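A.B. asks: Sequences listed follow chains A and B, in order. Numbering follows UniProt numbering, with no gaps: position 117 of the first sequence is 117. Numbering follows UniProt numbering, with no gaps: position 76 of the second sequence is 76.
Hints listed in this document are in silico derivations from the structure and should not be mistaken for laboratory results. Treat the hints loosely; a few may be bogus.
Unchecked claim - A short list of chain B residues far from chain A (calculated; beta carbon distances all over 10 Å):
1. A62
2. D67
3. K137
4. F159
5. K162
6. M167
Claimed, not checked - To spell it out: a stretch of chain A is covered by chain B in this simulated footprint if at least three of its residues, at any positions, have a beta carbon under 8 Å from a beta carbon of chain B; those stretches are:
7. 43-50
8. 155-169
9. 172-185
Computed from a prediction, not measured in an experiment: that's the story for all the values here. Glycine included, every Cβ here is placed at the ideal spot set by N, Cα and C.
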Amino acid sequence: MAANFTLDSNPDSYFSLDDILASQEKVPCTFNTQVSNMGYMDQSTTDTNIVSGTKLELPFWLAKSLDRGSRSIINIDTPKNYKEVYRQIFTADPNVVDLHKLGPYFYLFGGKLISLHLPDNDDIASVLLKTFQGRFRRIMDGSQNTLNVDLTSQVSLLDEQERLLFSAGQQGLHDFQKWETRESEKLSTSTMVANHRKRKRFVLSSKSS
Amino acid sequence: MDPSEVEFLAERELVKVIPNFTHDKIYLISGDVGPFSAGLPLPVPLWLAVNLKQRQKCRFVAPDWMDIDVLKEKKQEEADSRFFTPMPSPHYMEITQLLLQWGTDDIPKADEIRTLVKDIWDLRIAKLRSSIDVFVKSGESHAKLNYLTLMEINTVRLFLTKALNHMHQLKSVTSRDTTNSNSQAF
Chain A
1 MAANFTLDSN PDSYFSLDDI LASQEKVPCT FNTQVSNMGY MDQSTTDTNI
51 VSGTKLELPF WLAKSLDRGS RSIINIDTPK NYKEVYRQIF TADPNVVDLH
101 KLGPYFYLFG GKLISLHLPD NDDIASVLLK TFQGRFRRIM DGSQNTLNVD
151 LTSQVSLLDE QERLLFSAGQ QGLHDFQKWE TRESEKLSTS TMVANHRKRK
201 RFVLSSKSS
Chain B
1 MDPSEVEFLA ERELVKVIPN FTHDKIYLIS GDVGPFSAGL PLPVPLWLAV
51 NLKQRQKCRF VAPDWMDIDV LKEKKQEEAD SRFFTPMPSP HYMEITQLLL
101 QWGTDDIPKA DEIRTLVKDI WDLRIAKLRS SIDVFVKSGE SHAKLNYLTL
151 MEINTVRLFL TKALNHMHQL KSVTSRDTTN SNSQAF
């Protein structure tokens, strides 16, 4: 049931779990002003206040709300994975990159970053799209070609959204395969009924013993 | 859409059978069938053909295209062409599947036909996949493919729609951003 929920959920939705998880990725920030009594957020000092100039990694949702307004409390820097060096790697060969390691929500978080109006916004946006276009063929072939093969090594390189895509492709393949082997016309017990019977038998056997 | 639903739609296609009984016209919601006279071939919907065959009331007549030579030619044509070629029937895969499942004895060289149809299918799916790839790489928002059959579309439907949704998200993020920065510049 839970899998279905994430499959259908729209990442723009307020209740989307993926969206919530993506918005807690960390963004490097520099404080412009002193913030009183928040020193505990910086593990490296024992001060009670955050002094101006402190560099901290804040979750995206916090950074975004602090960044608002003309006299901003913080300055946001581009996260490492979206910087020029990484962008060059993505452009060189998007297929070899382990997007899951670089942030399980690479695309979703990248999309959120763009709303922060960083100086290299345009480059980030184009890299996101290009990376997906470059990786698309591999995801498609991987998901549509292999049947009953261990795919863990292939899937582990994929970003969360790509994984959903991958499982959609697999489902299409499996459905067709089932039809082709005439599996789909056979009547089978629903899993619920099968489990129910087992439970009944279990109860009966435990009573008699 | 499940492949079995596609098969259901395919079952409305007409195929020829030779009944071994005589019966008046039967009137069905989808149209009239018959009259049946023993030994005379007549077209009936696929579902009825399968049903009659299961009760051993008829023999199948293979459709014109279900022939080794025709299929070999079709396969060659499909392999030579860069684009999709028109198929002899919009439901060629389903019809082959059903006719060969129940009527192996009525259709000559059933095994070879099965292999040929599967070969054509594989060729077309490979072609479909490379066209999808070109389409995604080009970043266009629409494309037109001729002569695809329903079953072929159905195998990539879930995957393709999701992929395009994802692309749309990535693109709309970009465009939303440029409109925002424009409005700020004003």
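A.B. asks: With reference to the structure, classify each hint as holding or not holding.
C.D. replies: Now for the hints, and whether the structure bears them out:
Distance to chain A confirms A62 (chain B) as a non-interface residue, since its nearest Cβ pair spans about 20 Å, more than 10 Å. D67 (chain B), annotated as away from the interface, keeps every beta carbon of chain A farther than 10 Å; the closest lies near 22 Å. Its beta-carbon lying about 5 Å from the closest one in chain A, K137 (chain B) breaks the requirement of being farther than 10 Å from that chain. Its beta-carbon lying about 4 Å from the closest one in chain A, F159 (chain B) breaks the requirement of being farther than 10 Å from that chain.
The Cβ of K162 (chain B) sits about 5 Å from the closest Cβ of chain A, inside the 10 Å cut-off, so the non-interface label is violated. The Cβ of M167 (chain B) sits about 7 Å from the closest Cβ of chain A, inside the 10 Å cut-off, so the non-interface label is violated. For a cut-off of 8 Å, the count of residues in the region 43-50 of chain A with a CB near a CB of chain B stands at 0, and the three-residue condition is violated. With a threshold of 8 Å between beta carbons, the proposed coverage of the region 155-169 of chain A by chain B holds, since 5 of its residues qualify and at least three are required.
With 10 residues having a Cβ less than 8 Å from any Cβ of chain B, the region 172-185 of chain A passes the three-residue criterion, so the hint holds.
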